[in-house]
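K.L.:
Knowing the structure of chain A, use the given hints to seat chain B with the ligands on it.
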Amino acid sequence: MKEQNLADLEASFNEKLKQDIRIEPKDWMPDAYRKTLIRQISQHAHSEIVGMLPEGNWITRAPNLRRKAVLLAKVQDEAGHGQYLYSAMETLGFSREQSIDDMHTGKAKYSSIFNYPTLTWADMGAVGWLVDGAAIMNQVPLCRTSYGPYARAMVRICKEESFHQRQGYEIMCTLMKGSEEQKAMAQDALNRFWWPALMMFGPSDAESTHTQQSIDWKIKRHTNDELRQMFVDASVPQAELIGLTLPDKDLKWNEERGHYDFGAIDWEEFKQVVSGNGPCNAERIATRLKAKEDGLWVREAAMAHAEKKKAKKAS
Amino acid sequence: MKNNLFTYTLRIADDSLILGQRLSEWCGHGPIIEEDIALSNIALDLIGQATNLLEYAAQVEDKGRTADDLAFLRFEHQYLNTQLIEQKNGDFAVTIVRQWIFDTFRLPFYEALQHSADKQLAAIAEKSLKETKYHWKHSSEWIIRMGDGTEESNKRVNDALILLWKFSDELFYMDDVDQALISQGIAIDLETLRPAFNERIQFVLQEATLQLPDSKWKLSGGRQGRHTEHFGHLIAEMQYMQRAYPNMEW
Ligand SMILES: [Fe+2]
Ligand SMILES: [Fe+2]
Ligand SMILES: [Fe+2]
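As they're listed, the protein sequences go chains A and B.
Taken in order, the first sequence gives residues 1 to 315; the numbers are from my numbering.
Taken in order, the second sequence gives residues 1001 to 1250; the numbers are from my numbering.
Next up, chain A with everything else stripped away, as it sits in the complex (with noise of 0.2 Å):
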């Protein structure tokens, strides 16, 4: 009885993905799919809280009053990026909090690319360009993702990462039409952060242990290497516009298939990164952990007076 039941669950579950029905939180889902898109959306949103520390950096050093207005605004959208993949995953059953203590703790992880530094003025249109715009890659067929309320989380938060990516693409417009001094920054920046970038796609497909289960959930639609592909082949020519060089001698135009082919990544590197000895590694997790510990008493005092308030209430 207990099986048959099982087994009903799980053919409805299937079929709902077969026919691009969503899932929603109180719907019943296996409980290695659960788990995966905990990993996935939590992963997700650290990246959008981490990644508000390198472009932080230099929120007090804009340029001028547009710069600091537009970089304010832009990391202020990435603590809302951060809000509602949090509120999606909680619909999951697990909470913020712990999850927040998982990233601390190094269990759960948030994209390499923010363990490197942003050094020069010009890394704020790198990272607009590059890294917003490797995030739409991988984000734009989420907002397809067979998991309703993260689906729904990744169409409004792709809105704004390409708003973004153009932002950080104008930056880099601005300096290669400025000064030698300020083309030579943007070049710096752009060499600094592409391989980077292109890692942003996880690993190759050979390599990746979840692509294909997360293909078969409708969780995601395209491998690693496929969204790599995109991303380089529409980077190229905007680089190139611009009069950009991609730091990559191996970067050619392939007929055939009709794509970039591009040199090899540094594997080596990427796995530095992740497992914590990349260059600010040690830093984002302690500057996390320090506002954690030192908004403790603030998130007390809300709690103690809120609890007041309704004793006051009620009495």
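If you are wondering where the hints come from, they were derived from the structure by calculation, not from laboratory data.
Please note that the accuracy of each hint is not assured.
Said to hold, decoys possible - Computed, partial: chain B to chain A, Cβ under 7 Å:
(1) H1029
(2) I1047
(3) L1210
(4) E1249
C-beta: ideal position from N, C-alpha, C; glycine also.
P.N.:
Below, chain B with the ligands without anything else, positioned relative to chain A:
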């Protein structure tokens, strides 16, 4: 007259600019995500107000300087914000108390300024007033939460009041610049704002179970360009790009 209007506008602008700069230091470091968003929002509003006001100041001055020149290329003693505004962020209590004192002043100030005989200032005040209402609500609610929260939060907000209250009186600073413009219906006689300011302060303190510090000592100087020690660091950071790479487009 032109000079007075320029100085008057700059004083308002610099309070917004420097507080916006200070608040933006919080971005990514707030006690909860929601507060990161709220503080960034307030910072954005203030930077927006500063931009409008500095554009107007540049226009009034009419010497070819832009809003960005005024924001990024003055020396320390040429900034006219009150000393309250430039105080370091400290902990969340210090940031909120600084904000709350300022918002409580800004609210009646903009209410009055929207009727200024200077149409441009009146329009900026009207737009900024909407934002300031939200800022005041936000900071007041936090004063109450902290005051009425835990023992620790009560102590922290109380310490912040002791630290910052002595700077509050400078918000009401007036000199010849104000007098000249008051007679033309442009500037606000700040003395007339005191009752509304005091009433709002007392109302929130009572809810928060807090009291003003006993000391009546006052500090000031910012309106005449005399600042506190950490102000130079704030300016150094803010001006870095414009000083390091002069005359470039960004
Ligand atoms: Fe984002
Ligand atoms: Fe994202
Ligand atoms: Fe973004």
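K.L.:
Which numbered conditions among the earlier hints are violated in the structure presented, ordered from lowest to highest?
P.N.:
The structure breaks only hint 3.
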